[in-house]
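Kindly generate the complete structure, drawing on both the sequences and the hints.
2 protein chains.
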Amino acid sequence: MKTYKKHDFPVEKIRRFLEPGPIVLVSSRWKDETNIMTMGWHTVLEFSPSLVGCMITGSNHSFELIRKSKECVINIPTVELLDTAVAIGNCTGRNTDKFEKFGLTKESADNVQAPLIKECFANLECKLVDTRILNKYNFFIFEVLKAHAPLVPKYPKTFHYTGDGVFMISGEHINKRRKFKSQNL
Amino acid sequence: MKTYKKHDFPVEKIRRFLEPGPIVLVSSRWKDETNIMTMGWHTVLEFSPSLVGCMITGSNHSFELIRKSKECVINIPTVELLDTAVAIGNCTGRNTDKFEKFGLTKESADNVQAPLIKECFANLECKLVDTRILNKYNFFIFEVLKAHAPLVPKYPKTFHYTGDGVFMISGEHINKRRKFKSQNL
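Quick mapping for you: the protein sequence lines, in order, are chains X and D. In this text, residue positions in the first sequence follow the numbering used here: the first is 7, and each later residue adds one. In this text, residue positions in the second sequence follow the numbering used here: the first is 7, and each later residue adds one.
Worth flagging that the hints you see were computed from the coordinates, not collected in a lab. Small disclaimer: the values here were computed from a predicted structure and weren't measured. Note that the Cβ used here is the ideal one computed from N, Cα and C, for glycine as well. Just to be clear, a hint being listed does not mean it is correct.
Stated by the list, open to error - Which chain X residues face chain D? A few, computed with CB under 10 Å, are given here:
| hint | residue |
| --- | --- |
| 1 | Leu51 |
| 2 | Thr84 |
| 3 | Met174 |
| 4 | Asn181 |
To be verified - Label pairs and their in silico Cβ distance ranges:
| hint | chain 1 | residue 1 | chain 2 | residue 2 | range |
| --- | --- | --- | --- | --- | --- |
| 5 | D | Thr9 | X | Thr137 | 54 to 62 Å |
| 6 | X | Glu70 | D | Lys11 | 44 to 52 Å |
| 7 | X | Met7 | D | His179 | 46 to 54 Å |
| 8 | X | Lys185 | D | Lys112 | 21 to 29 Å |
| 9 | X | Glu39 | D | Lys112 | 50 to 58 Å |
| 10 | D | Asp38 | X | Val158 | 34 to 42 Å |
| 11 | X | Asp103 | D | Lys112 | 50 to 58 Å |
| 12 | X | Ile180 | D | Gly64 | 24 to 32 Å |
| 13 | D | Pro16 | X | Val158 | 41 to 49 Å |
| 14 | X | Asp103 | D | Pro16 | 47 to 55 Å |
| 15 | X | Glu39 | D | Lys187 | 17 to 25 Å |
| 16 | X | Asn181 | D | His179 | 19 to 27 Å |
| 17 | X | Asp38 | D | Lys187 | 22 to 30 Å |
| 18 | X | Lys133 | D | Glu106 | 41 to 49 Å |
What follows is the structure, encoded as structure tokens:
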């Protein structure tokens, strides 16, 4: 499977990967147990500190692993992993090691116990920093402590969910920089 | 400018338009003043009631219009409106009528005072339902009361922001429905 040579990526710039709205794979660990879930309901909340909000359904096995460990890794998969992401989202980690089942490789993170998924384009090490609307909306607010991404390509080919089993694949990139005021870039 | 013949669209299915993560145009009204802002930081939070969370920077002129009126319309623009959306995001509504300036047409909503933008593909009439993390994160939680969208095309060609003035244009759609468990669709 395709892998990437990754470098430290500035956490205040992770909008490059998250703001376009791709499906992500969230890896977690609590004690000896690891898991992976497929997630589409997330948003950037702040540049610095680098904050991300995620809605994770309470019935997901990962929900409790993340709530208890107070951390996770948000991994950005590219289109080569589309079928894998669908399969991950359609089975439970309650009795299955999804890393083993789907041939994915755990790599150690620097700041969290949850493993990075080596085969993903980018990996964001996240710490849970706010739970005030967790009970009502299952909404976690994470701070991204460290990000890993390759230098090239600059933009991963991602997949985005529309419901009903249909995904949109990311298309071309267009630069409109000269039409921006510098403070708005 | 291109317009669409729209119908009522089920509010519990608006993930089709929002979950892929497009840039949206948010229209608002407070007393006699209307405005439009360009927004990229949003996420679906629930199917029913149909909830959407949005981070809106406090320095935006629209912030106060939305906070005071407790409503807005989330409009989904297609790629024909990319330059318009960039221009809307790079000027303030403090002294400008953006509908007039950018040749956009106000249409009356059914459930809110804020106007729909006729030229957008879809329009979501939203009511502010939770402000408990508004002060800390500028995060608004809206309920979508009514949605308007055309029957065809099923999927709009949207644009998605990556920062630095660069947009990703939505690409092809792939159906993986047969790989899903029915309850996960």
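These are the hints, each one checked on the structure:
no.	hint	result
1	Leu51	holds, 5 Å
2	Thr84	violated, 13 Å
3	Met174	holds, 5 Å
4	Asn181	holds, 5 Å
5	Thr9(D) <-> Thr137(X): 54 to 62 Å	violated, 44 Å
6	Glu70(X) <-> Lys11(D): 44 to 52 Å	holds, 47 Å
7	Met7(X) <-> His179(D): 46 to 54 Å	violated, 24 Å
8	Lys185(X) <-> Lys112(D): 21 to 29 Å	holds, 24 Å
9	Glu39(X) <-> Lys112(D): 50 to 58 Å	holds, 54 Å
10	Asp38(D) <-> Val158(X): 34 to 42 Å	violated, 52 Å
11	Asp103(X) <-> Lys112(D): 50 to 58 Å	holds, 55 Å
12	Ile180(X) <-> Gly64(D): 24 to 32 Å	holds, 29 Å
13	Pro16(D) <-> Val158(X): 41 to 49 Å	holds, 42 Å
14	Asp103(X) <-> Pro16(D): 47 to 55 Å	violated, 38 Å
15	Glu39(X) <-> Lys187(D): 17 to 25 Å	holds, 23 Å
16	Asn181(X) <-> His179(D): 19 to 27 Å	holds, 25 Å
17	Asp38(X) <-> Lys187(D): 22 to 30 Å	holds, 28 Å
18	Lys133(X) <-> Glu106(D): 41 to 49 Å	holds, 46 Å
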